[in-house]
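Build the full structure now, drawing on both the sequences and the hints.
Read left to right, the sequence shown gives residues -20 to -1, 1 to 164 (mature numbering (1 follows the signal peptide of the UniProt record, and there is no 0)).
The hints are simulated quantities; they were obtained by calculation from the structure and are not laboratory data. Every clue listed holds true.
Listed next, the in silico EDC-like pairs over lysine to aspartate or glutamate satisfying Cα-Cα at most 20 Å (straight line):
{"#": "1", "residue 1": "K79", "residue 2": "E141"}
{"#": "2", "residue 1": "K102", "residue 2": "D35"}
{"#": "3", "residue 1": "K130", "residue 2": "D89"}
{"#": "4", "residue 1": "K95", "residue 2": "D53"}
{"#": "5", "residue 1": "K64", "residue 2": "D53"}
{"#": "6", "residue 1": "K124", "residue 2": "E36"}
{"#": "7", "residue 1": "K137", "residue 2": "E82"}
{"#": "8", "residue 1": "K150", "residue 2": "D20"}
{"#": "9", "residue 1": "K95", "residue 2": "D63"}
{"#": "10", "residue 1": "K102", "residue 2": "E36"}
{"#": "11", "residue 1": "K150", "residue 2": "D140"}
{"#": "12", "residue 1": "K79", "residue 2": "D134"}
{"#": "13", "residue 1": "K31", "residue 2": "D63"}
{"#": "14", "residue 1": "K31", "residue 2": "E129"}
{"#": "15", "residue 1": "K102", "residue 2": "D40"}
{"#": "16", "residue 1": "K21", "residue 2": "D63"}
{"#": "17", "residue 1": "K95", "residue 2": "D134"}
{"#": "18", "residue 1": "K48", "residue 2": "D35"}
{"#": "19", "residue 1": "K102", "residue 2": "E127"}
{"#": "20", "residue 1": "K81", "residue 2": "D20"}
{"#": "21", "residue 1": "K130", "residue 2": "E141"}
{"#": "22", "residue 1": "K81", "residue 2": "D140"}
{"#": "23", "residue 1": "K81", "residue 2": "D68"}
{"#": "24", "residue 1": "K31", "residue 2": "D68"}
{"#": "25", "residue 1": "K79", "residue 2": "E146"}
{"#": "26", "residue 1": "K95", "residue 2": "E127"}
{"#": "27", "residue 1": "K48", "residue 2": "D106"}
{"#": "28", "residue 1": "K102", "residue 2": "D53"}
{"#": "29", "residue 1": "K46", "residue 2": "E36"}
{"#": "30", "residue 1": "K48", "residue 2": "E113"}
{"#": "31", "residue 1": "K81", "residue 2": "E146"}
{"#": "32", "residue 1": "K64", "residue 2": "D100"}
{"#": "33", "residue 1": "K79", "residue 2": "D140"}
{"#": "34", "residue 1": "K124", "residue 2": "D134"}
{"#": "35", "residue 1": "K138", "residue 2": "D20"}
{"#": "36", "residue 1": "K138", "residue 2": "E73"}
What follows is a list of derived Cβ distance ranges for each label pair:
{"#": "37", "residue 1": "I39", "residue 2": "D14", "range": "40 to 50 Å"}
{"#": "38", "residue 1": "T119", "residue 2": "N74", "range": "39 to 49 Å"}
{"#": "39", "residue 1": "D140", "residue 2": "S49", "range": "37 to 47 Å"}
{"#": "40", "residue 1": "E141", "residue 2": "D14", "range": "15 to 25 Å"}
Every residue, glycine too, gets a C-beta built ideally from N, C-alpha and C.
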Amino acid sequence: MRRTLIAVMTSCLLAVTACTGGGSSTPTAASEADVVAWMDKVCGTVDGTVKTMADEPPIDMSDPSKLKSGLSDWLGSKVSAVDKSIADLRDLENGPHPKSKELATAAQDGMWQIKTVLADTKSKLDSSTDPTEVVTAFTEMVAKAGELEKAGADVQKKFDETGLAEAARKASNCQSLQAAPPTP
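Now the structure itself:
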């Protein structure tokens, strides 16, 4: 299994896409500093999830019950982290930029896609009766990485449409996300 698989999937979806990109416009309804501070919070929320996803699952192939319970617990903690991010992003919908809600909602949608993949995998894993089904559940999760990359592109498109790229380039949490992509 590849190291930090979930972190890579998460980063493909939000971290790199949410904090890089093209178009920009200067907000008129709020000060630039307010918008940058808000973007810093958005990227901080994403960064917290990326960091949570970066650890490796416990893999003990010598004991099938430990393998199953360890992976289930690991996935459960990831689902909880994504839930927290979704709630935090919801709290950021009323930001200082006129399109704050659009971007926060797009990021939430991306997080929901991650949560769905993780929760579905956990459900399959929890209902598995042998180690082969455990491996199959994880293999299916890996196969869905392409779907998450497409979702990341959708978030990027929304990000560019909102005109918040310049604010993201100035926000320190966005810069740290961009500077430190996870190791596959």
